Amino acid sequence: MTARKVLSWSFTLAAVAVLGWGMLAASSADVDPLAVGDKIACPKCEGESIASSQTPTARAMMEVVDERIGEGLTEREILDWFAARYGPDILLEPPLDLGGVALWAVPVVAVAGGAFLAFRAARVRRRPDGPASSGRYSLVVLGAGALVLTGLAFGIGQFVQPRAPGSAVSGNLEIDPNQDLDGVTNAEMEAVLEQFADIPEANRMRLALARRYFEEGDYSRAVAQFQLVLGNDPTPVEASEALGRIGWILFANGEASAAEVAYLQALDALATNSEAKWFYAILLVEEDRGAEAVPLLEALLDDESVPAEVDDEIERLLETARSGS
20 MTARKVLSWS FTLAAVAVLG WGMLAASSAD VDPLAVGDKI ACPKCEGESI ASSQTPTARA
80 MMEVVDERIG EGLTEREILD WFAARYGPDI LLEPPLDLGG VALWAVPVVA VAGGAFLAFR
140 AARVRRRPDG PASSGRYSLV VLGAGALVLT GLAFGIGQFV QPRAPGSAVS GNLEIDPNQD
200 LDGVTNAEME AVLEQFADIP EANRMRLALA RRYFEEGDYS RAVAQFQLVL GNDPTPVEAS
260 EALGRIGWIL FANGEASAAE VAYLQALDAL ATNSEAKWFY AILLVEEDRG AEAVPLLEAL
320 LDDESVPAEV DDEIERLLET ARSGS
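Offset between the sequence shown (1-based) and the numbering used here: plus 19.
Please note: incorrect hints may appear among the correct ones.
Pair ranges (Cβ atoms, derived) [claimed, not checked]: (1) GLU338 to ASN251: 20 to 30 angstroms; (2) GLU235 to ASP57: 14 to 24 angstroms; (3) SER342 to ALA318: 38 to 48 angstroms; (4) GLY343 to ASP252: 39 to 49 angstroms; (5) ASN205 to SER342: 38 to 48 angstroms; (6) SER71 to GLU234: 13 to 23 angstroms.
When the alpha-carbon atoms are kept at most 25 angstroms apart in a straight line, the in silico SDA-like pairs for lysine to any residue are as follows [stated by the list, open to error]: (7) LYS63 to PRO107; (8) LYS63 to GLU96; (9) LYS63 to GLY236; (10) LYS63 to MET208; (11) LYS63 to ARG104; (12) LYS63 to VAL203.
The hints are simulated quantities; they were obtained by calculation from the structure and are not laboratory data.
From a predicted model like this one, the values you see are computed outputs, not experimental measurements.
Beta carbons: idealized from backbone N, C-alpha and C, even for Gly.
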């Protein structure tokens with residue numbers, strides 16, 4: 020083995036060793052809550068992280084971060100947890116997608132390889148080596164052309180995606196806002212929404228389907244539909260309802276801090292959401308924070324949109340909140 024090859028292999032092995040050590044050190048290091056919070060967007064602040072924001076929503080989300088660290092989750096697992104519940108846009112630094120990197124690397128490497136082979140072909144052609152030179156030149160040219168075409172094909176594929184089976188040719192789905200959905204089955208709604216998943220007008224049908232799952236106690240399907248609503252350009256009313264009910268599901272699953280984040284976001288989207296206020300008040304009383312629940316419950320009693328038949332229930336919870344505050 021030549022000295023040049025020995026040196027090359029030595030540098031390669033050293034780089035691999037350093038990279039591996041760095042990855043192991045990073046995985047074993049303590050998770051810094053502020054470092055994690057710097058990578059999570061504050062829903063109420065433009066371009067600001069929850070670590071730097073002082074809004075109630077951001078503070079509640081930082082409490083969730085602290086809880087997840089206490090449970091032993093790594094930084095990556097905590098970020099994935101937030102992305103799974105609140106969508107990928109909640110992350111200021113989305114995780115590296117190795118598949119996407121590979122797809123972008125293929126055309127670059129292929130075109131670069133083709134250019135290198137073309138350069139080699141030009142050198143081969145300049146050599147007056149007779150028939151062997153001609154055959155070698157042809158092979159090199161064919162290889163260069165194949166690599167360049169491969170690179171172009173992959174590159175174009177990043178920008179031109181095939182239409183999904185069953186999807187609409189155009190984005191003009193018309194849904195009658197006065198249509199009665201009571202007579203439409205869950206399966207029928209699912210079938211329609213599968214074809215028109217990204218149309219804002221479909222949110223009304225998706226919310227109706229999510230409400231059914233919510234009322235049936237099928238929380239996993241309800242959350243899936245509410246999250247799709249949140250990712251499909253919702254109105255403030257739609258966003259607030261989806262977030263409020265996601266909060267209730269989180270609370271029912273014992274994730275009180277995460278539920279509080281959802282309630283705060285719901286009320287940020289629509290301050291008059293009486294259901295979110297009610298859910299939030301229940302959480303505060305259950306968490307022995309009755310003094311914080313009192314103004315919410317008093318506002319509900321003064322809210323004319325709240326049905327009169329639930330006033331007694333609000334009064335009972337208000338009495339509990341006052342006695343525990």
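Hint check results:
1. Taking the beta carbon of each, GLU338 and ASN251 are about 41 angstroms apart, not inside 20 to 30 angstroms as hinted.
2. About 40 angstroms separates the C-beta atoms of GLU235 and ASP57, a value inconsistent with the hinted range of 14 to 24 angstroms.
3. For SER342 and ALA318, the hinted distance range of 38 to 48 angstroms is not satisfied, since their beta carbons lie about 19 angstroms from each other.
4. Look at GLY343 against ASP252: about 41 angstroms separates their beta carbons, and that is inside 39 to 49 angstroms.
5. Checked against the given bound of 38 to 48 angstroms, the beta carbons of ASN205 and SER342, roughly 43 angstroms apart, stay inside it.
6. For the hinted restraint 13 to 23 angstroms between SER71 and GLU234, the CB-CB distance of approximately 39 angstroms leaves it violated.
7. Using a Cα cut-off of 25 angstroms, the hinted pair LYS63 and PRO107 holds, with the two alpha carbons roughly 16 angstroms apart.
8. Using a Cα cut-off of 25 angstroms, the hinted pair LYS63 and GLU96 holds, with the two alpha carbons roughly 23 angstroms apart.
9. Between LYS63 and GLY236 the alpha-carbon distance is near 30 angstroms, which puts this suggested pair outside the 25 angstroms criterion.
10. Annotation: proposed proximity of LYS63 to MET208 is violated, straight-line Cα distance about 33 angstroms (limit 25 angstroms).
11. Between LYS63 and ARG104, the direct Cα distance comes to roughly 17 angstroms. Compliance with the 25 angstroms bound is thereby established for this hinted pair.
12. Under the criterion of a C-alpha separation no larger than 25 angstroms, the hint pairing LYS63 with VAL203 is inconsistent with the structure, at around 36 angstroms.
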